[in-house]
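K.L.:
One letter stands for each residue in the lines below.
There are 2 protein chains.
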Amino acid sequence: MDENQEELERHFQQLREELHQNDLQDFREHFLEMHIYDQGQFYQGLDDQERQLVYSYLSPKELADMFDVIEEDDEHVEEYLSEMRPHYAADMLAEMYTDNAVDILNELNKKQVAKYLSLMEPEHANEIRELLHYEDDTAGSLMTTEYVSIVANQTVRSAMYVLKAEAQIAETIYYTYVVNTDNQLVGVISLRDLIINDDDAMVLDVMSERVIAVHVGDDQEDVAQMFRDYDFLALPVTDYEDHLLGIVTVDDIIDVIDDEAASDYSGLAGVNVEEVDENPLKAASRRLPWLITLLFLGMSTATLINHYEALVSEASILAVFISLITGTAGNAGTQSLAVAVRRLAISDDKEKNFLKLIIGEILTGVVTGLVTGLTILVIVGIWKHNFVLGFVIGTAMMAAITVANLAGSLIPMVMERLGFDPAVASGPFITTLSDLTSVLIYFNIASLFMERFIG
Amino acid sequence: MDENQEELERHFQQLREELHQNDLQDFREHFLEMHIYDQGQFYQGLDDQERQLVYSYLSPKELADMFDVIEEDDEHVEEYLSEMRPHYAADMLAEMYTDNAVDILNELNKKQVAKYLSLMEPEHANEIRELLHYEDDTAGSLMTTEYVSIVANQTVRSAMYVLKAEAQIAETIYYTYVVNTDNQLVGVISLRDLIINDDDAMVLDVMSERVIAVHVGDDQEDVAQMFRDYDFLALPVTDYEDHLLGIVTVDDIIDVIDDEAASDYSGLAGVNVEEVDENPLKAASRRLPWLITLLFLGMSTATLINHYEALVSEASILAVFISLITGTAGNAGTQSLAVAVRRLAISDDKEKNFLKLIIGEILTGVVTGLVTGLTILVIVGIWKHNFVLGFVIGTAMMAAITVANLAGSLIPMVMERLGFDPAVASGPFITTLSDLTSVLIYFNIASLFMERFIG
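As they're listed, the protein sequences go chains A and B. Read in order, the letters of the first sequence correspond to residues 1 to 455 in UniProt numbering. Read in order, the letters of the second sequence correspond to residues 1 to 455 in UniProt numbering.
Same chains, same names: a pair is fine if it fits in one copy or spans any two.
Calculated lysine to any residue pairs in the SDA-like style (CA-CA distance at most 25 Å, straight line):
id, residue 1, residue 2
1, K356, Q225
2, K164, V206
3, K115, D136
4, K61, D205
5, K164, I150
6, K384, M299
7, K356, E9
Simulated from the structure, these hints should not be mistaken for lab results. Note that this is a predicted model, so its numbers are computed, not measured.
Turn these sequences into a full structure, and let the hints guide you.
P.N.:
Right, dumping it as structure tokens:
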């Protein structure tokens, strides 16, 4: 792919020169022969004066094709829009696939949205307005209205005519949805089946009636799971009376899967990994809020140890094992958290398993705690020639691990039940919390056996 | 979707009854009308005697369609194969898409692979044998050979004839690849373009010549990135002389994206989250290896603190802040690790930025360390009425955070350079390592100022 990259950069250089030399014809030819993603890469590398030239060389429709690809990961889209003439921008938005235009409009303020909608043809504006209503992260917010639908009582040949007519504007033509006169979804036929079957066959006879659809209010994670399971390229979206409202396509689902994964990962790390920038000051300002919050939470652990300072000054050996116990319990809690978040993401029946999962996680904690505790008992016993001390450390570690496991699984499950994203229960939060309980357990067990191990 | 689920379960129940009543005709009709994913769900819920009935009711081809969907996430596939008659199993493997059959065969031992290949028609066996050679996690291991390719000097009409003939067996017919007489890839035409264009147009005139392909040895992560960027449904795979070898389809890429995300997440948590099972003993046995390894690593921190026990027994106040400093540095290290792993996953030019990223991460560490250190200096100074102690804690924390940031970014980058997956540099490993350096920094700074703060 590296040679491709070099070739592409030479191509970009040439395009730039054509732009500066006002070589309209060559620029258009060379620009439009590129894949729209590469067009986007070129466009995003231009300065604002060069972009003005682009707007005068390309039609709103040509720019719209490119914007369909770049909208999803460019934070400058608002700036691009504002530097276009409003009519040009409105025309471009109207020419985009509705779902992508809606994504862009959702980033703008209400006044701007109203301006662009008022400049569009009413037909386009209404389509967009309908989709603007749907809540974030639902099937409705992902769907587009550019699909092909037909009625069942016609031949494959006539269905192919409809398809050819709509092929230019539909986001996918690879599935044709069959509806009744009330626009209720009754079947689906893939382009493959249309091609394979005889031209004179009736759609009714060759369509699949067991059509799998999602509801407009379904969570985008559930929709993504359907795509994973069934290997679809698109899924129809219906309301609760089976009326066909739109379709979700696989390219949007790949973005959903990416975003969900990045958000789970960010939660576990306590930092938003999606905004990767290389300016150390900006990076620090993104990480500091969590760090300082956790520092204050960690202060409660310090205060607790301070409370037991007399114990430590009597037996300074206790200080040696603080970080070992808090660290190991923190590791166990992180494992438990990660498993719980993953399980919540893929499980279908979250409600009934609540108690079962918690009990399972406590048992897992007891087993891992027992093994880890016994290990450290033997190590400390031999190292310090003091098996009472070993017993104290081992027991404290076992209890701390069990509690950390419980917290690691309970907290995300409770968050899920309360309607929050369980992945927000971040790893650092769990480990800092587990530090507190571990220290509490450790010093209480230590003070019980104090007389016995300092000898 | 819940009502769908209930309906599906009633359907499964009915199928089961038909199976037990030897109602061949109804069973076949009701089974085959289901989506292949649902067929798989039903099949996976059967016991071995019921599965034997299925094998006698369905043809190898019918079973193959279902196995194309279940192969990717069922660890029992080997068992299923062994309970079929060898000829039946071989026929089924031959009828599957080649990439999926290869995935299954890669799980078997060499003797079994040889057996099934010897029972197949040579043509199928050779196709499979070719794909068995490719390394895991490369484009070659993902690709299938069931694609449609044509030569350029023919009309759209004749191309459509070829497509119709191959539609039954090709994994996707939505792209047709154009090759020269030497089987080198020279263009691509989508089914949409075939349908839109005039039947008498020449393929040469309507195909896209700027065809984007991946090389057979390209890493699957890079291939997935191409799918994300370009929104393709399939990509052609070539060797280094542009000969067309196969295609990769988007459904396989979704699995790759899922697997990569789960593996990054597992790395950060120090537990494999992909094997979610509810047996506490099994769960514990998966988590213990990491926990015990980290326990031994943590012992080095304990040994280090033990080395400074005299210091602690003189100033037991030092023990109060051990877990705060190690915990905060660990949190900072985890953030830095997560950002580094993410950056390595999405960055195109990993080589040249190495030094720049490391310096950036050190600077980020200095800034976050400075802010966090000053915060704790003030807190401790006021709390303990001792600003020298505050200075010791603050300085130690700043240094510990800087080092943790460096380790968090350096370790994954070095692993990437050495050819390992950077995500294996797990979160718990970084925090345990950062514990060690934090304690070392803390006690050294403390011993320098010892005389001044115990007053």
